[in-house]
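K.L.:
Numbered according to this note's numbering, the sequence shown spans residues 1 to 129.
No lab work stands behind these hints: they were computed from the structure.
Here are the simulated lysine to aspartate or glutamate pairs, EDC-like style, with alpha carbons at most 20 Å apart:
(1) K53 with E27
(2) K73 with E60
(3) K76 with E60
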Amino acid sequence: MAVWHGERGRKPTGGKIVSIRKKRKYELGSLQVFTKLGKEKRVGVRTKGGGNKIKAAYVESVNVLDRKTNTSKKVKILHILKNPANLHYVRRGILTKGAVVNTELGKARITSRPSQHGVVNAILIEEKS
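Turn these sequences into a full structure, and let the hints guide you.
P.N.:
Right, here's the structure in full:
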């Protein structure tokens, strides 16, 4: 079933609102893409105006920025430690902005929106000892 962002056709009292036009394509939404750990997979979506948006469905690596040395490195994600967006996302293995992951360099906090940007960028918060 489609996700619809148009008027629902009901008044606050529950009575029907008679529509004066049909549904429009720009009122149509889409289901959320939950970025998970796994073999790299990206989904392309056409946006309004003819543009494209790349959404990451599965990722296995992250671009980690080390603020001390001001260098960036692509490393493998070992596992998800915590996700303040939703406690159940850790159990389900979903990556979002603000999630803390364990990488080959140490703990890192995700700063990008993987399901919107198509890439996972992070800042190193604790180096591996």
